Structure formats: structure tokens, C-alpha cells
Amino acid sequence: MRIIDLAVKDLKQLVRSWMTVVFLVIMPIGFTLFFGLIFGGTGGEEDPRLPVGLIDRDGGSVLSVYLIDLLDASDAIRPVVSDESVERVEKKVGDEDLAAAVIVPAGYSEQVLAGKDVALTIIVDSATAAGSTAQSGVQTAVTRLRGAVKAAQLSAEAFEATGGSPDDAFLADALGKAIAAWHEPPLTVAATQSGIAAEAEDEEGPVVANAYAQASPGMMVQFSIAGIIGAAQIVVLERKSRSLQRLLTTAISRVEIVVGHYLTMFVMIFLQLALLVGFGQLALGLDYLREPVATLLLAVTMSLWTASLGLLIGTLAKTEEQAIIFSMIPMFILSGMGGAWMPLEVTGKAFQTAGHLLPTAWAMDGIQNILVRGLGLESALLPAGIMTAYGIVLFALAAWRFKFE
Amino acid sequence: MKTLDIAFKDLLRSLRNYFFLGFGIGVPVLMSVIFYFAFGGLASEGGFDIPQVDVSVVNLDEPVAEYGGSSVGQMIGQILEENESIFKVTHAESAAGARTAVDNQEADVAVIIPAGFTVAAFDLEGQAEIEVYQDPTLTLGPSIVRGIISQIVDGFAGAGIAVRVVNDQLDEQGIELDADSRWRVYADYGDWARALGENERFNSLLAIQSPAGGKDEDVNSALALVGGVMTGMMVFYAFYTGAASAMGILQEKEGGTLPRLFTTPTPMSAILGGKLIAVFALVVVQVAVLMAFSSLIFRTDWGAPGSLSLAIVGLVVLAASFGIFIMSWLKDTRQAGVVIGGVMTVLGMVGISSVFTANVPGAAGGFAETLPLFVPQGWAMHTWRLVMDGGNVGDVLLPFAVMIALTIGFFTVGVLRFRKRFA
Numbered sequence: 001m002r003i004i005d006l007a008v009k010d011l012k013q014l015v016r017s018w019m020t021v022v023f024l025v026i027m028p029i030g031f032t033l034f035f036g037l038i039f040g041g042t043g044g045e046e047d048p049r050l051p052v053g054l055i056d057r058d059g060g061s062v063l064s065v066y067l068i069d070l071l072d073a074s075d076a077i078r079p080v081v082s083d084e085s086v087e088r089v090e091k092k093v094g095d096e097d098l099a100a101a102v103i104v105p106a107g108y109s110e111q112v113l114a115g116k117d118v119a120l121t122i123i124v125d126s127a128t129a130a131g132s133t134a135q136s137g138v139q140t141a142v143t144r145l146r147g148a149v150k151a152a153q154l155s156a157e158a159f160e161a162t163g164g165s166p167d168d169a170f171l172a173d174a175l176g177k178a179i180a181a182w183h184e185p186p187l188t189v190a191a192t193q194s195g196i197a198a199e200a201e202d203e204e205g206p207v208v209a210n211a212y213a214q215a216s217p218g219m220m221v222q223f224s225i226a227g228i229i230g231a232a233q234i235v236v237l238e239r240k241s242r243s244l245q246r247l248l249t250t251a252i253s254r255v256e257i258v259v260g261h262y263l264t265m266f267v268m269i270f271l272q273l274a275l276l277v278g279f280g281q282l283a284l285g286l287d288y289l290r291e292p293v294a295t296l297l298l299a300v301t302m303s304l305w306t307a308s309l310g311l312l313i314g315t316l317a318k319t320e321e322q323a324i325i326f327s328m329i330p331m332f333i334l335s336g337m338g339g340a341w342m343p344l345e346v347t348g349k350a351f352q353t354a355g356h357l358l359p360t361a362w363a364m365d366g367i368q369n370i371l372v373r374g375l376g377l378e379s380a381l382l383p384a385g386i387m388t389a390y391g392i393v394l395f396a397l398a399a400w401r402f403k404f405e
Numbered sequence: 001m002k003t004l005d006i007a008f009k010d011l012l013r014s015l016r017n018y019f020f021l022g023f024g025i026g027v028p029v030l031m032s033v034i035f036y037f038a039f040g041g042l043a044s045e046g047g048f049d050i051p052q053v054d055v056s057v058v059n060l061d062e063p064v065a066e067y068g069g070s071s072v073g074q075m076i077g078q079i080l081e082e083n084e085s086i087f088k089v090t091h092a093e094s095a096a097g098a099r100t101a102v103d104n105q106e107a108d109v110a111v112i113i114p115a116g117f118t119v120a121a122f123d124l125e126g127q128a129e130i131e132v133y134q135d136p137t138l139t140l141g142p143s144i145v146r147g148i149i150s151q152i153v154d155g156f157a158g159a160g161i162a163v164r165v166v167n168d169q170l171d172e173q174g175i176e177l178d179a180d181s182r183w184r185v186y187a188d189y190g191d192w193a194r195a196l197g198e199n200e201r202f203n204s205l206l207a208i209q210s211p212a213g214g215k216d217e218d219v220n221s222a223l224a225l226v227g228g229v230m231t232g233m234m235v236f237y238a239f240y241t242g243a244a245s246a247m248g249i250l251q252e253k254e255g256g257t258l259p260r261l262f263t264t265p266t267p268m269s270a271i272l273g274g275k276l277i278a279v280f281a282l283v284v285v286q287v288a289v290l291m292a293f294s295s296l297i298f299r300t301d302w303g304a305p306g307s308l309s310l311a312i313v314g315l316v317v318l319a320a321s322f323g324i325f326i327m328s329w330l331k332d333t334r335q336a337g338v339v340i341g342g343v344m345t346v347l348g349m350v351g352i353s354s355v356f357t358a359n360v361p362g363a364a365g366g367f368a369e370t371l372p373l374f375v376p377q378g379w380a381m382h383t384w385r386l387v388m389d390g391g392n393v394g395d396v397l398l399p400f401a402v403m404i405a406l407t408i409g410f411f412t413v414g415v416l417r418f419r420k421r422f423a
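Protein chains in written order, with our numbering: chain D, 1 to 405; chain L, 1 to 423.
Pulled out of the complex, with its shape left as it was, chain L reads as follows:
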């Protein structure tokens, strides 16, 4: 009973503490809200709110009477202008002017269409290159511009290749490709390419299938991302809370209340037991509050109840026991401050690094992918990710077992060291 009294008293004290309210609840909520707004929380339909890309187009290509007065360069400019929700197109007089606009950050991307582009598109020997000059700090906008222009250019290049192939093949047979036949090839290929483009985004070429456990395209991307961020924050700050709460033992020792408590008839095991229970209870409160917040505000899908229960239990016991373990090695609150501020931050960031790489193509491969598993936070994060990706109990059993093994190790060492210190 005394153990529970001590635990309850410690828990109440922690719940009234600025530090817990600030770091245990406030900061993780704040971080998730920041990410939510960063990645489309303000978008009307919950998807990514991609800002307009400022494109400076310089079209040096001219209409060619021989080819029906058309200009491929003009057509590219028009297509970019028609997509006004994505691009804000301005026109520059020269290639240098367009590049300067990018250099001065007046445009994100310059599209430089060279003179004679149309001729090159229809000439058997033609060769031309459109330059997409970009601000080097940007990635997303320029890649969209490149993607759209490449698609158009590939259409013309494909037609050009078709004509060249036909010409070569007939030439090998000793037949000359006349102008009418050449135009027919262009026209046939153009019809085919147009039909392909209109056929519901190339569905006739690719049947797209989501991986089991993967996210469907119609899942709200921003909310899915924030769910991951919230999980990362929960893991990160649960370990903070475990350590900060366990630091209470050092604080009471320094404040003299712990030695005084030892002079009472309450056995030491009851006192230490109560304090340890308070550490676990506080992490439980934190995880519960953060999950409730995320469910209500971000409508986070936490996965299957069975595997989720294992993830919660694993996180709570591991974060609390790691806090006890860390604090058992420290002499005073001064050292503890450094460890909480420095060591726990470093370990936490390493453990949840997948949160930062979630939206970056090609990031976090190789060693960076394995590194988080060298810290306890990494195992907790790994387990939660499996659960949120739709993993069942069987999928999370291994990481859960690792978390429990780590918990037993940390808890045993921590408690033994505290007992030895206060014996």
C-alpha cells in the first residue's frame, strides 16, 4: 500500500510539473502540428498542397511553315500555361534572362527551348535539347516541370525515332521513304501517343497495385504522414519522460527527502518500488494522452488492436526501464540534465530517423536504415511502424521480444544499482 502511495504521490507531482507538461505533452503535440501544416494540413482535400512553381520560359523555337506552321516550343509553353494550378509561367526574352531570373530567385525553373527545336523534331538527322535550369535548393517543383516536359518531348522523340527506323528499314530494302509516307508515320505515331496519354494515365501500360500493408493513393497523405510523425514523437518523448521521471529519484536524494524517507519504517524496497511504478505510470499517461490527441485531431489509424497492444506495452516498459537504467549511473541532477538534454536527444533522433526520411526519395538506405536498431528507441519505432503499416501480432513478435529483453536487462541493472547505492 505504501508503495502505491509513493507511486501516486510521485505521479501527481510529475503531472503538475512544467517539464512534463512541456516536454511530455506540449512539444510532441507541437511537432506533430508543425508537420501536419508543413505537409498539406491546409490543403483543401487533405492531400499535399504543392505550391505553384514559378517557371520562366524562353522559347527560341519558331513556327515552321513546312510543318504546318507549328512550333513544338510554343506548344510546350502553352501546356505549361494551361496547368496554371501547378505553374506560374512568365516569358523571358533570352536564355541568359531566364537563367538570371532563376539566379535572382524570381523563378524556380527556367525552361530554355532552343532555336530550331521544331525542325529537329521533324528532321531525319535532327538533334535538339531543351534545358531545364533550376534553383539548386529546389527539388519538387523542378522535377514536376522536367516530368511534364520529358513526357511531351518523349512523344516527339518517339515519332522521330519511328520515322528514322522506318527510313532505315526501307533503305536496307532499297526503298526510299517518300514525304507522304514519312508524314503518315509521324501522324500514326502521334495518334498512338495521344491515345496513350488520354487513356487514364497510361493504365493500358501499367496495372498499379499497392503492396500489402502499403498506403493506397486515396488515403489522406498528410494525415498518414502526421500519424507517422506523431508515433515518432511519442517514442522520442516517452524515453525523455522515462528518464526525466527517474531523475526524480536523484532530485529527492539531493533535496534530502529520500534519505529522510529511508529513516521511516517504510522498507527501502517499498520506496524504490513506488518510485519505479511512478515512472511506468507517467509514461502510460503520456502515451495515452498523445494517442488520444492524435486519434481525435489527426484521425490516426493505429493498426490492429492486438499488435498495437504489444507496441504500447513494449514502448512503456522499455522507455521507463531505460530511464531507470540511465539514471542509476548518474551522480546528480546536473549530470542528469546533460544526459537528458544531450544523450537522450541523440539516441532519440537516431531511433526515429525514419520519420525525417519518410518524404525523401532514396533517403535512409543502407547503414542509415540499420543504425536506429542500435538504440532502444529504434526498436520501439520499428515495432510501431510495423503496427501502423498493418502488421499483425506475428509480425511484431520479434521486435516486441527484443524490447522485452532490453527492458529486463535495463530494469535489472538499474534497480540493482539503485539498491546498492541506497543500501
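Looking at chain D on its own, in the form it has when it is part of the complex:
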């Protein structure tokens, strides 16, 4: 009972602070929305494909028209025909307004149809992800275009071999057929996804179906750590003001004091997570509650380990400033390395391995197993177990080092 009294006192103290509201609620929601927005979570764009500028110096020749047609058929890129100068389009690529720009040189169609090798110029910053994706998309379209030309030439050769004499109309007809065939090629590669994305049948290509599926759990993980600042500061303040010592003169035991403070942090983080899960479910269209028990288990174990970290910080910090620094630095490390900011998949192998030594990576895995992969309770057990183990170790450290003066 005394433990609960102490926890309720701490919680009241925290709720009265603006900082608590900012760190626990406003910032995680704000950042979730922001990251969702910048990673394309609005879903409102008419055409989410990467824009690729096209300067046609071949004056609307037959191959330019077919090239635009094939580029437009791409899942990854869309052509933006431009009348601007090469310099202006190049600047747009440099400014990342365009992912790349293709220049069709004068006489391209005539020369290629005559069997000459003429290259299109592509202005692209291949060092960027958007640039390399655009380059690959353009390459596919150009290869198909040249393949269609080859098919038309083979067609003409075959006709000649039978004694016929193919004219321009024959070639144009063959080319048109080959281009049309590329819209429904005989052999294709279909990309399918497991889990929620497959259920939603969202075809956003290599991007997860709902951009908030990364941002929402990521910010949950990050700000659960930020949320412990206030509670850790209370421990520091009580020690500095000798309240802890005074408490020891009452009937409350040392263990009850430590557990009381721990309970405060646990409840606070759990409530924060509940609120963010509710926000994700209702406002962001993320189905956290499709596996309610698994989500609950993950929220409880996340609260367990984060509260233990908070208690350890409150134990180690001597001043309120130190409590902030001791919270923020682990927050940055654990969030960054745990995949809260960007999927660990885009990082190097060593980084991924190191990341999975941290509970944050397991928290992300656990939540995404439910949210994105569409798995069940069993997929939450290992992450929950690892977070619990972290919670126990950190709590033991905090209890061991806890000082009352």
C-alpha cells in the first residue's frame, strides 16, 4: 500500500509538470506525424513514383514517344517531359526536384533504327537512393525499347529471308507490336508481401504499406526513454532535498521506496504507450489491436525495461542536469541503433548485429511482427523475453547502487 501511495505521489508530481506532457505525449505524437509525413505517410499523392525529367531533342520521334510510354509503364518512375534547358533540368536533379533527367539526342530514333549504337544521356546522382532507383527504372525502359527495336529488325530479317522486302511501314508495325507486347510481357515478376501489407493489397512497391508503421513504433520506443527524465529527476530531487532520508524515518522500508519509484516509472511509461497505441490505432490506421494480447505483452515488457533504466538513471545522476543527459544520451544511442529512426535493414550488417544487442531493436521487431508482418502472439514472446531480461538486469543494478543520501 505504501508503495502505491509513493507511486501515486510521484505520478501526481509528474502530471503537474508541463515537461511530462511535452515528452510523454506531444512530442511522440508530433514526431510520429512528422516522420510519417516525410516518409510519405499521407498517402494523398496522386502519383508517388519518382519524377524523371525528359528532354526530347529528337522532336517527338517514334522512339521518343515509345520511350515515354515505357517509362510511364514503370512502377518506380514517371516521366516528366520538359521544354526547359539542360542546365535548368540538371539543376532540378541537383536540387532533388527530379530523381533523374533523360536527354534524347537529336537523330536518336533514326540512328537506332538504322542499327547504330546511340546512348541516351541520363543526368543522375547515383550516390543517392532516389537516383539509383531512377537510373534502374530508366535502364529497364531503355533496354525494353531497344529490345523492341531488335525484335522489329529480326522481324524484317526473317521477312527478307523468305524473299520479302520489308518497307518502313513493316518495320513501324513490328516495332509498335513489340512495344505493345511489353505492356503485357509473356514473363513477369510479381512482388508480393506477407502480413498486413498483403492483406491491404497496397502496391507501393518496396515501401511498407503504411509509412507510420515505422514512425509510430519508432517514436514509441524513443519517447518511452525520453519520458523517464521527469521520473528520474524526482529521485534525484528527493535525494538532494534529503526527502529520501526523511522517508526512511517513517515506517516505509528501503525496498518499498525503490519499488515505489520504479512503479511510478512503469505506470507512466505504460500509460504513455497505451495512449500512443490508441493514437496509432484510431488516427493512423495501424492495427495494433489485431493481436491485443501480444501488444499488451510488448507494452508491459517495454515499460518494464524502460522503467528499470529510469531507476538506474535516477540512481546514478547526482543533479537534475545529469538526469537529463543520462537519459538523452542513451535515448539517442538506443533509438538510433535499435532501428527507431530508420529500419535496421538499410544499415550495415555489423550495425544490425550490434543493434540487436539492445532491447530497442527487439521492441521494434516485436511491434512490427504484429503491426506489419501480421504475426501472432508467439512472435512477441522472444522480444518480450529479451526486454524482460533487460528489465531485470537494469533493475538489479539500480537497486544495488540506489543511494538514499
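No lab work stands behind these hints: they were computed from the structure.
These figures come from a predicted structure and were not determined experimentally.
Careful: at least some of the hints might be erroneous.
[Said to hold, decoys possible] In silico lysine-lysine, BS3-like type, Cα no more than 27 Å apart, as pairs:
#: 1; chain 1: L; residue 1: LYS331; chain 2: D; residue 2: LYS240
#: 2; chain 1: L; residue 1: LYS420; chain 2: L; residue 2: LYS9
#: 3; chain 1: D; residue 1: LYS9; chain 2: D; residue 2: LYS318
#: 4; chain 1: L; residue 1: LYS88; chain 2: D; residue 2: LYS349
#: 5; chain 1: D; residue 1: LYS240; chain 2: D; residue 2: LYS318
#: 6; chain 1: D; residue 1: LYS318; chain 2: L; residue 2: LYS331
#: 7; chain 1: D; residue 1: LYS240; chain 2: L; residue 2: LYS253
#: 8; chain 1: L; residue 1: LYS253; chain 2: L; residue 2: LYS88
#: 9; chain 1: L; residue 1: LYS253; chain 2: L; residue 2: LYS9
#: 10; chain 1: L; residue 1: LYS2; chain 2: L; residue 2: LYS420
#: 11; chain 1: L; residue 1: LYS331; chain 2: D; residue 2: LYS12
#: 12; chain 1: L; residue 1: LYS2; chain 2: D; residue 2: LYS318
#: 13; chain 1: D; residue 1: LYS240; chain 2: D; residue 2: LYS12
#: 14; chain 1: D; residue 1: LYS116; chain 2: D; residue 2: LYS177
#: 15; chain 1: L; residue 1: LYS253; chain 2: D; residue 2: LYS318
#: 16; chain 1: D; residue 1: LYS318; chain 2: D; residue 2: LYS403
#: 17; chain 1: L; residue 1: LYS253; chain 2: L; residue 2: LYS331
#: 18; chain 1: L; residue 1: LYS420; chain 2: L; residue 2: LYS253
#: 19; chain 1: L; residue 1: LYS9; chain 2: L; residue 2: LYS331
#: 20; chain 1: D; residue 1: LYS240; chain 2: D; residue 2: LYS9
#: 21; chain 1: D; residue 1: LYS403; chain 2: D; residue 2: LYS12
[Unchecked claim] Covered stretches of chain L, going by a simulated chain D footprint (3 or more residues, C-beta under 8 Å):
#: 22; stretch: 30 to 38
#: 23; stretch: 118 to 130
#: 24; stretch: 133 to 145
#: 25; stretch: 159 to 169
#: 26; stretch: 339 to 347
Positions of the beta carbon are idealized from the N, C-alpha and C atoms, including for glycine.
Fit chain L to the known structure of chain D by using the hints.
Positioned in the frame of chain D, the structure of chain L alone reads:
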């Protein structure tokens, strides 16, 4: 002289402060190091260290005696296996088994090659589809698998299209395409496609040109990225430092040292002036230390000296004056803590959002691209990006002018409010 004494004293105090050392220097360095290791810092040649993609292949296609005993499915599997630095290939017995491997996270991608794929590749009416089933949380690995398989499949599809076109064209002329001619078309198209693939990555099709100011492919990608991250961190934390340093005025007021100072013969303008100089000086120290660190460790290319000077000056004066402006509206350090922790973080993250989208195709378009320019950090970041992308003085003049205009506004309001408060 007294102004400088006060400034020097404040600067020394800040430099000894945990908060400045932790947030002003430690955290930005830490964040840059994290990004450095995240994006290939451990790679042997400084490029991106892409981890092996676990691919579960199920090949239901069978060799067809009629087509020389070949199997396109087998060939696809072999090509994936040959790229062992990129793919770790395992074989599944059935499509369900391969999908289960992905569902259980034992594989990143399942490649399901249907029965009769080879027949479809060589049949005039054939139609077949390879399924690339992926873990929905992954992007990079599956897209590489899809890219390679699509290239191979496009080769066969192109040959199939060529044969169909020849067949249709001859048919329209009343000529039947015999088996030998059909195979010749396949062979000719195959030779052409193979020659294209071997021709130094399609160089005969595309002449690749980097945009002026863009990064060449041989620039160390990880270091280029970290340079951007370090810039973002510098901008983000310079504003923190400006605000935290200006908070010193509130701290001294609460501690009673400021009112005591006002009782001395030192004029108020000298006292406030000294404190403001200390704010600017601290941001200068921070920017200098971070730039030196980044230059030494990450070999960051900061761009042309002229435009870089403008970016430095703009950042320092804007971060410091914004800190003074913000603090002039707050009553005490408690409020300041909330503002530094909350408001400055939000504004900072918005301002440097381009750092987070740098490696994500298609991210940060539209409103998300304009949004940063609604906060001062966004203008600073915009200027630094221009400089690091090779911009000259002319390129950065406009954002620099905006930064100076904002500085004048923030500084004027801030100083007037402090003067009024302590008058």
C-alpha cells in the same frame, strides 16, 4: 572591458558545464558516429555495407528436353547462388514452404518459380510469372532480388516478344514461321541481350552524367552521408546551445547574482552585452569544435571557403539570437527547460528533416520539403546543404540574407524584452 570580462566569465562557466559538453559536443558527435557506422562505416572500402539477403528459392520449373534440356528456373537459381556476396540462397521444397520461411523470418525473400516457366518462355502463347514474396518490413534486399530477376526475365521475355512479333508479321504476309527460323530468332535476340549485359553495365544504352554539384559514384558514400548528418547535428545543437546559453540569464536572475550585479557601478547595457557576447562565443566554439572533429575523423568536405564562411556566420548569429529571443519570453528556468527540451527539439527536427530522408527514395517531397523553411533551423540547414553541394557565394546569398534578417528580428526583440524586464 567589463562587457568582455562578463562574456569571458560566462563562456568559461558554460565550457565547464556538463550540459554544454554533453549536448553541445557529445551528442552531435555521438549521433554522427552512429550514422557513420549505420551506413557503412565498417565497410572495407567505405561504401555501403549491404548485408547478405537470405533468399529462399523454390524452383518448380523443370528442364525441357525439347529446349535442349534447359530450365530457366534453374538458371535463375544458379545466378542468385553465384552472387554469394549478396545472396545467401537456400532451397525450399514448395511455394508454401518458401513463404513460411519468410513469415518465420528465416528468409528475407522467397523466389517462387512456377512449374512450366521454361515452356512459357519458349512457347508462342506462353505466360508465366515468378513470385518474389518478401518480408514487408524490408525494402533494400528484396528490391535487389527483384532487380536481378527482372533483368533475367526481361531477357527471356524480350526474346519471346521478338518471336511473337516475327511470327505475327510473317503471318500477316501469309508466311509460316518454321521451327528453325523461330529458334534463330531466339538465338539472335539472346546473343544481342547477352552482349548488352556484358557491355559494361549497359553503357551503350545510357551515358551517365552526374548533375553539377552532385556526388560522383566514386565519392565515399558513407562519408558523404555522414558529412550531411554532421551538418544536421551541428545546426540542431547550435540552436540548443544558443537557447541553453541564453538561459544563463534566467539562471542568474533566479540565483540572485544578476540583481546583485545590477547594484554594482557596471551599466546594465554592459552586463547584458557581455552575456549576449557569451552566447555568440559559445556557439562559435561549438561550431568550430564540431567542424574540426568532422574534418579530422570523417574527412568532411565543407565546400568553398567563401560560401562556407557565410554559412558559419549565418548559423552562429541566427542560433544565438534565436536563443536570446526565446529566453526573453520565458519567466524562469522551469519554463526554459520545457522549451529547450520540447520546442527546440521539435523545431530542430523539422529544420533538419532532410538528414533523415537522405537515403530514402521518394521521401520528403511536397509539403515536407517546404516545411523546414518555416523554422530558423531550416534556413540554416538549407544554406549548409547548398554549400556542401558545391554552391558558391551567389548560391547562398539569398538564404544567408534570410538568416541575417531573422537574426536582426530575433536579436532586436530579445534584447528589447530583456532590457524592459531588467529596467
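So, going through the hints one by one against the coordinates:
1. For the hint pairing LYS331(L) with LYS240(D), the CA-to-CA distance comes to about 24 Å; that is within 27 Å, so the pair holds.
2. For the hint linking LYS420(L) to LYS9(L), the alpha-carbon distance of about 24 Å falls within 27 Å, and the restraint holds.
3. A threshold of 27 Å between alpha carbons decides the hint, and for LYS9(D) with LYS318(D) the separation of about 22 Å falls inside it, so the pair holds.
4. Taken as a hint, the LYS88(L) and LYS349(D) pair is honoured in the structure, with Cα atoms around 14 Å apart against an allowance of 27 Å.
5. For the proposed pair LYS240(D) and LYS318(D), the alpha carbon gap of about 8 Å is at most 27 Å, so the pair holds.
6. Distance restraint check for LYS318(D) and LYS331(L): the Cα-Cα separation of roughly 26 Å lies within the 27 Å cut-off, and the hinted pair is therefore satisfied.
7. Taken as a hint, the LYS240(D) and LYS253(L) pair is honoured in the structure, with Cα atoms around 22 Å apart against an allowance of 27 Å.
8. With a C-alpha separation of about 64 Å, the suggested pair LYS253(L) and LYS88(L) falls outside the 27 Å cut-off, and the hint is violated.
9. For the hint linking LYS253(L) to LYS9(L), the alpha-carbon distance of about 16 Å falls within 27 Å, and the restraint holds.
10. Taking the CA atoms of LYS2(L) and LYS420(L), the gap is about 21 Å. The hint holds against a cut of 27 Å.
11. Taking the CA atoms of LYS331(L) and LYS12(D), the gap is near 23 Å; set against the 27 Å cutoff, the hint holds.
12. The suggested pairing of LYS2(L) with LYS318(D) is violated, with an alpha-carbon distance near 34 Å, which exceeds 27 Å.
13. Using a Cα cut-off of 27 Å, the hinted pair LYS240(D) and LYS12(D) holds, with the two alpha carbons roughly 20 Å apart.
14. For the hint pairing LYS116(D) with LYS177(D), the CA-to-CA distance comes to about 21 Å; that is within 27 Å, so the pair holds.
15. For the suggested pair LYS253(L) and LYS318(D), the alpha carbons sit about 24 Å apart, so the restraint of at most 27 Å is met.
16. Annotation: proposed proximity of LYS318(D) to LYS403(D) holds, straight-line Cα distance about 10 Å (limit 27 Å).
17. Simply put, LYS253(L) and LYS331(L) have alpha-carbon atoms about 10 Å apart, close enough for the 27 Å limit, and the pair holds.
18. Note on LYS420(L) and LYS253(L): the hinted pairing holds, with a Cα-Cα distance of about 14 Å set against a maximum of 27 Å.
19. For the suggested pair LYS9(L) and LYS331(L), the alpha carbons sit about 24 Å apart, so the restraint of at most 27 Å is met.
20. Distance restraint check for LYS240(D) and LYS9(D): the Cα-Cα separation of roughly 18 Å lies within the 27 Å cut-off, and the hinted pair is therefore satisfied.
21. The hinted pair formed by LYS403(D) and LYS12(D) meets the criterion: a straight-line CA distance of about 23 Å does not exceed 27 Å.
22. For the stretch 30 to 38 of chain L, the stated coverage by chain D holds: 6 residues have a C-beta nearer than 8 Å to a C-beta of that chain, and at least 3 were required.
23. Judged by the Cβ-Cβ criterion of 8 Å, the stretch 118 to 130 of chain L is covered by chain D as claimed, because 7 of its residues qualify and three suffice.
24. Chain D is given as covering the stretch 133 to 145 of chain L, and this holds because 11 residues of the stretch bring a CB closer than 8 Å to a CB of that chain, at least three being needed.
25. Restraint check on the stretch 159 to 169 of chain L versus chain D: 8 residues with Cβ-Cβ distances below 8 Å, three needed, restraint holds.
26. Counting residues of the stretch 339 to 347 of chain L whose beta-carbon sits less than 8 Å from any beta-carbon of chain D gives 4, enough to reach three: the coverage restraint holds.
In the structure shown, a violation is registered for the earlier hints numbered 8, 12, in ascending order.
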